[in-house]
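Student: Knowing the structure of chain E, use the given hints to seat chain A on it.
Residue-level listing of the chains:
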Amino acid sequence: MAQRHVILGASLAGATAAITLREEGADGDVILIGAEPQPPYERPPLSKAYLRGEVPFDKALVRPAAFYAEHEIQTMFGTRATRIDPSARVVELEDHRRVSFDVLLIATGGRNRTVSIPGVDLDGIYSLRTVQDADRIRAEMIAGRRAVVVGMGFIGSEVAASLRQKGLDVVVIDPSKTPLFRVLGEDVGRTIARLHRDHGVRMIFEDTVAAFEGTRRVGCVVTKAGLRVECDFAVVGIGIEPAVEALADSGIHIDNGVVVDEYCQTNVSGIYAAGDVANHFHPVFDRRIRVEHWQNAIKQGAAAARNMLGRRIAYDEIHWFWSDQYDANLQYAGFHTPWEQLVVRGRLDSGSYLACYVNAGRIDAAVGLNRAKEVRRIMPLIKARRPVNLEQLRDESVDLRSLHEIS
Amino acid sequence: MAAEFVTTIKATEIPVGGLTAIDVRGTRLAVANVGGTYYAFDDACTHEQCSLAEQGELAGATLTCTCHGSEFDVRTGNVLAPPATVPVKAYRTRVEGDALQIEV
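Protein sequence lines correspond, in order, to chains E and A. Take 1 as the starting number for the first sequence in my numbering and just add one per residue. Take 1001 as the starting number for the second sequence in my numbering and just add one per residue.
Source of the hints: derived by calculation from the structure; they are not laboratory data. Treat the hints with care, as some may be off.
What the hints assert, rightly or not - Just a few of them, taken from the derived set where beta-carbon distance is under 10 angstroms, the chain A residues facing chain E:
no., residue
1, Glu1054
2, Glu1057
3, Ala1061
4, Thr1062
5, Cys1065
6, Thr1066
7, His1068
8, Gly1069
9, Thr1085
On a predicted model such as this, the values are computed, not experimentally measured, just so you know. Glycine is no exception: its CB is placed at the ideal position from the N, C-alpha and C atoms.
Same shape as in the complex, but just chain E:
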């Protein structure tokens, strides 16, 4: 019998799932529902080339707008799901429409974390998640103006780079010791700090924002340590939280997002999740992981679609992402929690290195600065989960593809 497939979230994961359902021969309806008004688009350019005005929005579209109708994918854009009723198999939308489903994918993504700091509601304070957010920041990006970036995670770091590239004065404020500290640690983080310092960013670490000051518009950021940083606008990038409001009382297991198994399935039969919102069991790392990156949105969206069709294929992709800042290409592959050893090929104080996060002789993850090929070559070693010869790993004359595993 033809199934009615409903996808909540018309972003990269949701759109990829809809496309994959059709490619894999789903019969029955495919309905793609999204809160944002425009067709699904990719977010990586929003902090980089699109923010700098180098590429038009159309370049970021997952597919041309006409694609969905041409492939019999029904779309409902600009409306948010407010409630899911798993027993009635119905989704309720904020415009009061009710959409029934046989199989449901939750790909609602995340929303920016907010903070309750005095003055945070002043004009001229932005966050970045949607293309509208990017457009608002773009309108402020005039060479010579002064910007404060709050938070030096990936979004904050990329925005800081883009602002500098457009000739703005940039001051960043972050509670950690370095940029990207939480994910990459202090040693690698210091190299990213140097990259930004070399490009003229002033960085304030181990301090946080106490208040935004201004009459109608922000004019000054005051830190807990008492620094006053005058600015024309500010961008706050302090991470996202999974968008799960519609799932309250649904019985669907929520814990740091929607909990799914390696088949992208929730605890409720016929209901799946993918993308930023999905806290998924990863069979390679033998634990749950929630990932907020482009590649996971695509790969997990596709994997969820195949499982929605009953294919029963475990999602075991090695997570990978890139972050371009200035002319540097930063890439990360794998997954790591605290590590015993950081094994470095090349030198951290140079412009090119591969740093491997090693536990019990195994490579859990690696980060490369201008080492794109080596990041790709190390991914099979990460997936193998076996100890490797760390001397050879460190030895730049050894091709990673020939790295011997310790038997």
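Tutor: Here is chain A on its own, set in the frame of chain E:
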């Protein structure tokens, strides 16, 4: 000017499984040797213009641009995996004697 075959390098300079950049009449191309057959295409990735000869990883006829992970079929230039969405332009090749010729 009509397209014509232009002599470039010695075909043997590109080992099997290898990738090389060649400038042909002002156009920078990448050439892949897949099992003894040569495939030529624009060197700039259609995603963000990384050099495919420098940043590409070749596995069979699949070329991965390691900058951002786009995959292309070197035989046709077609996109196999995003983020690229636009094919790379492919050029016909032939070997005359030991010379690799590319039609530009």
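Student: Give a verdict on every hint.
Tutor: Status of the hints after comparison with the structure:
1. Glu1054: With Cβ-Cβ at 9 angstroms, under 10 angstroms, it holds.
2. Glu1057: Given a least distance of 6 angstroms, the restraint on Glu1057 of chain A holds.
3. Ala1061: With Cβ-Cβ at 17 angstroms, over 10 angstroms, it is violated.
4. Thr1062: With a closest approach of 12 angstroms, the Thr1062 of chain A hint is violated.
5. Cys1065: With a closest approach of 8 angstroms, the Cys1065 of chain A hint holds.
6. Thr1066: 4 angstroms, holds
7. His1068: 6 angstroms, holds
8. Gly1069: 7 angstroms, holds
9. Thr1085: Nearest chain E Cβ about 8 angstroms off; hint holds.
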